[in-house]
Structures are given as C-alpha cells and as structure tokens.
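Can you join these two chains into the complex? Each is in its own frame, and there are hints to help.
Residue numbers (our numbering), protein chains in the order written: chain A, 1249 to 1591; chain B, 2 to 280.
Since the hints were made in silico from the structure, they are not lab data. Every residue, glycine too, gets a C-beta built ideally from N, C-alpha and C. Just so you know, not all the hints are guaranteed correct.
Claimed, not checked - Derived DSS-like pairs (lysine-lysine); straight-line CA-CA distance at most 27 Å:
1) A/LYS1456 x A/LYS1587
2) A/LYS1359 x B/LYS271
3) B/LYS49 x A/LYS1359
4) B/LYS90 x A/LYS1359
5) A/LYS1359 x B/LYS34
6) A/LYS1572 x A/LYS1401
7) A/LYS1379 x A/LYS1316
8) B/LYS90 x A/LYS1587
9) A/LYS1359 x B/LYS235
10) A/LYS1316 x B/LYS90
To be verified - Derived DEER-like restraints, expressed as beta-carbon distance ranges:
11) A/SER1444 x B/ASP177: 35 to 43 Å
12) A/ARG1440 x B/ASP31: 47 to 55 Å
13) B/GLY273 x A/GLY1484: 26 to 34 Å
To be verified - Selected chain B positions facing chain A (Cβ under 7 Å, derived; list incomplete):
14) SER37
15) ASP54
16) LEU55
17) THR57
18) THR71
19) ALA130
20) ALA131
As a plain string of letters, each chain reads:
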Amino acid sequence: MDSVKEEVLILAVETSCDETAAAVVRNGRDVLSNVIYSQIDLHTLYGGVVPEIASRKHIEKICPVIRKALSDAGTALSDITAVAVTYGPGLVGALLVGVSAAKAIAFAAEKPLVGVHHIEGHICANYIENKELEPPFLCLVVSGGHSHLVMVKDYGVYEILGRTRDDAAGEAFDKVARAIGLGYPGGPKIDRVSRSGNPDAVHFPRAKVDDNVYDFSFSGLKSAVLNYLNGCQMKGVEIDPADVAASFQKSVVDVLVEHSMRAAAQYGAKKFAIAGGVASNSHLREALEAACAERGIAFYRPSPLLCTDNAAMIGAAGYYEYRKGTRHGWDLNAVPGLKLGER
Amino acid sequence: MKILALDSSGLVAGVALTEDDILIAEYTTDYKKTHSQTLLPMLDELKKMVELDLYTVDVIGVAAGPGSFTGLRIGAATAKGLGLALGVKLAAVPTVDALAYNLYGCEKVICPMMDARRGQVYTGLYTFAARDDAAETEKEASQAGSGAAEAGTGEMRGGYLEMRVLMEQRAMSVRDLADAVNRLGRETVFLGDGVPVCLEALRPLLQVPFALAPSSCNRQRAAAVAVLAGRMAKQGRLVEADAFSPEYLRVSQAERERMEADEAQRERMKAGITPHARA
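Looking at chain B on its own, in the form it has when it is part of the complex (with noise of 0.2 Å):
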C-alpha cells in the first residue's frame, strides 16, 4: 500500500512516501515560509524526485489536528484537492499521536506539547509496549512480513509495539498538564514545537523526571503519519475527501464569546435579572 502523508499542523512542514514498511520518500522543513509556499513546492521536489505517479497511490494521510489553525487548514485543503483529483481517501491521523509515534519504543511517558496560544497546550500522553492482541499483532505481522508474531502475554516477539494513548490529545494549560504527567508519576520526554515556548513555565510544575528529544525526532515527520495512516487504512478508518475537516478541538474565538455571552445571560436570568431591569 502506497501512502501519500503530510503534515502543516504546527511550524514544520513535512510530506512523506511511505510504501508498506518501505519509506521511499520524505522532505521536512521547519522555515519561516507559509506552509502555503511549501507544502505542495516540497511534494512536487519528493514526486520529481523518486519518479512518483501519483495515480498510484493509495491512501493520502494527513496530519488531521490539531495544530494551527492555518496550517491545519492549508494541509487539508491539500489533501481534499488530491483526494478529489486522485479518487482516493484520506486517513486522517490525530496530530499529537504522530508527533508521539516519532519515539516509537519509548516505554517512558512521552508528551508531545504543541504551543495553542492563550497559555494552553495541545498536548496528549503516550507510551509503547508489547502486544496483548496476539490475533491483531499476527495479522499485523504477516503483512509485514516480519515472521513470528508476539504471544498474547504482552512478550516481543517481532511484531510492532503498540503505542498507548495515556491521555487522548487535548488542548490544557501547562499548569493541568504537569498535574496529570505528575500523576501519573513516571519518567517523562517531552517533545514538539511547544517545548521551547513552554518549558520554563512547566520545568518547576514537575515532580517527575523528564527529558526532552533530540531534533532527529522532536517535531512532527510526516513519515509517521504515514505509519499512523496505513494503520487506519487497514482498520478501514479512512473518510473521503469530501468529508474530511480538521480536528481544531477549538471553536473560534467569534463563537467562543458568543457562547460566554449566552451562557452570562443565562446566569443572569437565574439570578432573575431581566435583561431590561434597572437598578
């Protein structure tokens, strides 16, 4: 299965070639041009590059949110053209459990962080480990070709390690955020494009040891949306084109307002206070 991945969701841009457990293709860059000046220049790059028919691909992934909302929006209008122009379905991958699947082994707690403004996080919690699903892994592991498959007691066996959602992503400040890595009481690496901005605000929150990744893997790579893509193209988890909208996890700030608006007028009504009463 030939997967066409990208991701705008934060400050890099990436797009990927993966083709079963093959990576044939991928260009990441993190500059201070738009995504809208790099996405599809970068994708021409890797086609012209690795002499890609795009009529042959089978699946395009797409980091799905969420992320700037600009970003997102530019790498799904991307990838609804392709999908419209191909005949082909989108996966739409969560965007923190790609960035996560960049330290794909870690048995630690990995936190991705991406920076949501107004002192929040989109962030979520993940680790690795073996298998319990000994049918799944199998199946998983034939179409892999890798041979033996792990039993069900969670040993390695030559299968892929499942990657845990600890915490599903989320947008919460820094503050919630240390209170529920320090819940969880065990070693942590934090990654993404959030780190920079949010680390000094967290580093005195932690009760747990931490770490952070190196830049090989501390932001988003397409090549693991890909990965989280063929994923879902085999659990039939795939949407089309036409339907597919980004994962803000965020309403706009327009209907936010309104809705404190509505909710004030409420209270005001409780406490009996008619809009038109007078003091």
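Chain A with its partners taken away, still in its complex shape (with noise of 0.2 Å):
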C-alpha cells in the first residue's frame, strides 16, 4: 500500500459474540482506545453463551463502551473519518445491536460505514503490533466458533485453504473441559490446568480429513476424550483431569502445527501468523513458534487481549477495507452466517 498522508481515524464496533467491543484505531496499525465489556461471567452459568441473553447485554451497553472509546482515543465524533462494525459471522441477535447503533452514528454523523468480516478482523489483529507485517502471509485462525487456515494474498483477498468440518476447536475445547469438569469457558481453563498435566499419559487421535489435508475435524477427538471418560467410569479408574487436559491440548495443537506447516512447505509462506480466541493458547504459540523458528518462517501473533474478540482488529481491518473504497449502505444487515472473501 501507499505511504499514508491523510490520517484515516476509525471508529469501530465489535458485538457478534458475548463481547460488546468498541474502539478507535488510527491508520489500520495505531491502537488509540479498545474498550471491551465482557459478558463472560453472565454466560458461566448456563456453560455456554445465550444468545438472547448476550444480546440483552449488548443494548445495555453499546453506547457506554462506544463512548468510553471515543472518550479514550482523546476523540470527538466528527474527528471520526469512518464507522466500521462486525456485520458477520456470529450471533444474529448480538450483531444487529453493534451493526444497528453503528448504522444510526455513522448515519447522524455523516460518516462512511464499512461493514468488517469478523474473521477477517481477527487476521488484521497482527497488524497492530507488527507494524512491519504485510501480505502475503499465511494464518491460522482458531477460535470459538471458527478454524480455518487462510492465505493473506493481499489486503482484504484471502484464499482459504482448510476450515474445520465439524466441530471449531475452541468449541472443542468448551466441550471437554465440561465434561473434566473445568468449567466454562474451556480454552483458558484448559490451558491452566495442562501445565501440570502429563500431555503423553492418554493418546487421542489426530484426525485427518481425507479429501483435503488442510482441513480440520475435532468432533472425533471429542468423542474419544468422552468415551475414554466413560470407559474410566465403568472400570471405576480414577482420572486427572490434568492429565485429560494436557493430553487432548497436545492432540488439538499437533494437529494445527501439522496442518500449518504443511500448508506452509506447499505454498512457500515466509510469514505465518495466528489469530483468535485459541490463538491465546500458550501451548499452541509455543508450539507453532517453535516449529516456524526450525523452518526459517517469521512467526506473528497477537497479544492475548488482541487475539480474543475485540474493536481494535476491526477498525484495522475496517481501514483496509476503507482505503479499498468499500462502503456500506444504510441497509446493511448482520449475516450470521457471512463467508470470508464475500461482501
């Protein structure tokens, strides 16, 4: 991209999940706010996330966390050049609040809206503390809801090279630590408890996806964790869930480093970044910088608050985005269900 005369400020909204996020993000890199609410102890008590109940919670407080943002950033509204709001994938209930408000503030305020690809928000998340970072790279992309690994042609062009088939791996995670009896949410929990545990005590399977090597499935692993469960039960042998924990992490995570680097080696990455929520995942950054440092690849990531949902990613992507000239009318409506790629 070109140098940058003109100073682009991007107000940006984030609610497709149990986040309501807002933030004001200068030149796609530059982070001046990121405020994010998080609804995670409402959710704990059902184990999982409610819609109905999350997008309560957004209403609640959208324009708080909008205006602690504004408030942060040391900006008033009309310093905004543009208003960017996740409008998919996720919850359909929680994305119209975000896509709704930020419609009615770009609308009273005059200001272009962009429409951002969550997903795509969490790629761009490795531009704010890698100002040196540019595509092509390769990412892997783990979250709560979605895995997929994608190669970063350019800005805003992506190739998706594997997705998941069933289950995302941050879902497998939330399943199995219910069923040791961590608790929700999974992923952080299961990472604690991992560090004491033996990770080669209980061999899980790794799947692999027979017509396409770069696709993921961890359903299966899921039900192996659960049947070896059940089959300690019966036997009446008493498990550590330590040993569980770490033991199905290392699966998870040895199939995402095997998938990666494969992709890698087949399409000559020298820069490979990860992004969301598993992202975080301390065993899965080692891991994966391990295995990019023995191949000579530059590897990228976010620091934890940039790697769970946040406004920050958006309003990176939503410049891009923004400088590409795409523009959102008045009727943009959220879509759950949104493709990476698609407008």
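Structure representation (structure tokens):
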C-alpha cells in the first residue's frame, strides 16, 4: 500500500458474540483506544453463550462502551473518518445491536459506514503489534466458532486453504473442559490445568480429513475424550483431569501445527501468523513458534487481548476496507453465516 | 419541540417527525424485509424529503416494548446511536400505549394485541375520556395554542382527551385477555398484528360486542409514538441514550428454564427429597 499522508481514524464496533467492544484506530495500526466489556460471567451460569442474554447485555452496554472508546482516544465523533462494524459471522441478535448502533451513529454524524468480516478482523489483529507485517502471509484462525487456515494474499484478499468439517477448535476445548469438570470457558481453563498434566498420559487420535489435507475435524477427538472418560468411570478408574486436559490439548495442537506447516511448505510461506481466541493458548503459541523457527518462517501472533474478540482488530480491518473503497448502505444487515472474502 | 420517533416493535417499521402539533413526515412499511434493512433507509428518505437537519431534533421517541425482541433491539440500538451522536435524550414509549393511541377519541374499550407466541399476546386495555385535571389540561391546551381548556368536570372544551389505561400493557394468554375484556363488559375495539393471529381463538370467548380497526390505524404508527414522546418530554420523563433498554416484559428462555429448574429443586427440598436421594 502507498504511503499514507492523510490520517484515517476508524471508530470500530464489535458485538458478534459475548463481548461488547468499541475502539478507535488510526491508519489501521495505531490503537488509540480499545474498550471491551466481557459478558463471560453472565454466560458461565449456563455453560455457554446464551444468544438472547448476550443481545440484551449488548443493548445495555453499547453506548457506554462506544462513548468510552471515543473519550479514551481523546477524539470527538466529528474527528472520526469512518465507522466500521462487524456484520458477520456471529450470533444474529448480537450482531444486530452493533450493526444498528454503528449505522445510526454513522448516519447521524454523516460518516461513511464500513461493514467488516469478523474473521478478517481477527487476521488483521496481527497488523496492530507487528507494524512491519504485510501480506502475503499464511494465517491460522482458531476460535470458539472458527478454525480456518487462510492464505492472506493481499489486504482483504483471502484464499481459504482449510477449515473445520465439524466443531471449531475452541468448541472442542469448551466441551472437553465441561466433561472433565473444569467449566466454562474451556480454553483458558484447559491451558492452565495442562501445565501440571502429562501430555503423553493418554494418546488421543489426530484426525485426518481425506479429501483436503488442510481441513480439520475435532468432533472425533472430542468423542474420543468422552469415551475415554466413560470407560474410566465404568472401570472405576480415577482420572487425572490435568493429564486428560494436557493430552487432549496436545492432540489439538499437534493437528493445528502439522496442517499449518504442511501448508507453509506447500505454498512457500515466509510469514506465518495466528489469530482468534484459541491463538491465546500458550501451548499452541509455543509449538507454532518453535515449528516456524525450525523452518526459518517469521512467526507473528497478537497479544492475548487482541486474540479474543475486540474492536481494535475491526478498526484495523475496517481501515484496509475503507482504503479499498468499501462502503455499506444504511440497509446493512447482520449476516450470521457470512463467508470470508464475501461482500 | 421537534421529535423524531421510531417503531420497530412488531411487523411494521415506522419513522415520524413531528414539531409541536404538526406531523412533518411519516413513513410506515409492513413488508417482509427485516427492520435492519428498512428502518434507517426510511429515516434517510424522510430526512432527505423534508431536508431535516438531524441536529435540530430535540427528542428521540422510541417504541420501547413489548414486542419482537430483535425488532425492539434494532429500534433501541438505532435510537441509542442517534441519541449518542446527536446528544439528545430518548423517550421510551410503551409500545402498546402507542398502538392504542391510534384510536384517539374512542370511548369504547381499546384493546391492542401483538402476537407474543407461546399462546400469548402483548396487550393492554385503554379508553379515551375528557380530562379531569383542569390545570394540566389548561397548560397543555395553551402550549398547543388551542385556546380554552376544559373545566375540571371532564367537559370537552377544546383541550386534548386523555387516554386512560384500564389495564397496563402485559403478556397474557388469549383466555385471560377475554376474561379481562368480559369483566369490563363494554364494547371493545381490537387492533394490532395479533388480531389476525388470535381473533379466531378470541371470538368464541368474548361476551361483549366488539369491532376491529381498519388498516389506516390498526398497526404501529411512529406518529403516535411521537405524540406520546412529546407528553413524556413535557413531564420530564426522558432517559439518557446510554441508560435506555427495551421493556421486554419477558425473561429469556434460558433464564426462564433456569428459574423453573430452581423452583423444582426448591419443591423437592421442601418435600424432603435431597438431590442425591435414591428411591
């Protein structure tokens, strides 16, 4: 991209799941503010995100969160260049709160509106702390709702090499955590408890998908863990949750690293990045970092706060969309099943 | 006072702009598109048509519920976004009240109904009458420039009629609603998008004469929201955009199920059955 003289300030809004978030980002890479209201405690009671409860909470929090993002950044709405908002994929009711509020603000303040793909946001989170990172690069996006291996060919140009056939990686973490009594959310809990467990205690399968070597499947692994737990219970064998968690996690990490490195070799990737909530898993980060180092591939990862849902990443993605001329109308709707690279 | 009003509580999407006693513009649609696709484009059309400078708006009126949860949130998030950007407060107008207000002047019982699913309707009971409160009416009449006010006797002398709430808006079964209507024992006019859904179930239960409102006034109208928003503004009953949330009148399904489970648990405890007890 050419050198940017003009200063572009994006006000970004993200409400696709259970985080109400707003941020102000300058020129796609400088985060002036990044406000996140997490609802996680509300949903813990139910063992997962309840869409109606999430939507109601978004309505309560949306204005204070946006107001704080503006004031933390020291900007007035009139200083903003454009408003960017996540319009999919995600929970439709949750998305609609952010989309409706962002549209109304852009409309009233007479600012352009830029709809952003949530996963594109996760990928662009890497630009924020790695100022030198530019496409092309290979990116592994892993979260509670998504598992994608993506070649980022240019800003806003993606080729999806592989995706999950069933459960997302984060979903498997949640389900296994529940089964071994760790509770919700599973990712951070398994990560923590695994430190004291033996990752080779139980050998769980590494699923392969026949017709696409880059696709993932995690439901078989999840079932294997559940079967193992049932078996132990029937035999009266006491399980060590730390060992099960560590072994399960190793299986997930092995598959993610193997697929990623195979794609990196095949496509001659010189740069590799990770994104999404599961990218904050410390074992995955360490394993990918080591694998990349072995092969001389530059490794990029956002800090954990930028891995989980936030609006700064939407501001980064929104900036490149804005520069490309993407503008959405006042009829922008939430698209819960939005595909990456689709407009 | 300039009021911009929104209603996306039911199947209808509506936007209206009023200034004092004048309806400057109103746009109503009842079409298969989602409110996310209609509400703001309609407001944009309205704004262009009457060359509205949004910064001259004093109050945003919004149909605050009950209604479709998603519809309410699209309206609420839109109103909140406008309120935040324009720096104005919101008037949270009860949806069913605004629906009833479409039948201004009707001295029969007014019964709006919105389909609430699960065999229920969002409803309320209303009627219009001359005001007894002379001071209030006089103030209102003089603000509206309509001259003489009514006397305290409820006599009509050029003020506004008062909408009286006979039963506040709520979610209830069609049977309970029929009982409430029958208890009043008066002629009743039904309106709202719940009529086509529930009339067949309601008809055999009614013991009073009843009629239906026609298409000109049988659905949500943002102009009615604007009028009631104006009343609320005069009474100082406005809310900050940040603080406003819709009035759903119902908890979410997950919360309901959890409360039911807790209740069942308490019942078991009361009966002396502990969770781990085996038969």
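Restraint check for A/LYS1359 with B/LYS34, where alpha carbons must lie at most 27 Å apart: holds (25 Å)
Whether the CB-CB distance between A/SER1444 and B/ASP177 falls inside 35 to 43 Å: violated (58 Å)
Chain A contact restraint on B/SER37 - CB to CB distance below 7 Å: holds (5 Å)
Pairwise hint evaluation, B/LYS90 against A/LYS1316, where the allowed Cα distance is 27 Å at most: holds (18 Å)
Outcome for the supplied range 47 to 55 Å, where the beta carbon pair is A/ARG1440 and B/ASP31: holds (53 Å)
Evaluation of the interface hint that places B/ALA131 against chain A, nearest CB under 7 Å: With a minimum Cβ separation of about 39 Å from chain A (threshold 7 Å), the hint on B/ALA131 is violated.
Interface hint for B/ASP54, Cβ within 7 Å of any Cβ on chain A: Violated, about 11 Å.
Restraint status (C-alpha distance of B/LYS90 to A/LYS1587 at most 27 Å): Roughly 38 Å between the alpha carbons, so the hint for B/LYS90 and A/LYS1587 is violated.
Holds or violated: A/LYS1359 to B/LYS235, with C-alpha atoms at most 27 Å apart: violated (32 Å)
When the least beta-carbon distance from B/ALA130 to chain A is tested against 7 Å, hint result: Status violated, d = 36 Å.
Restraint status (C-alpha distance of B/LYS49 to A/LYS1359 at most 27 Å): Answer holds: B/LYS49 to A/LYS1359 is near 16 Å, not above 27 Å.
Hint check: 7 Å Cβ-Cβ cutoff, B/LEU55 to chain A: holds (5 Å)
Against the hints set out earlier in the document, violations occur for numbers 2, 8, 9, 11, 15, 17, 19 and 20.
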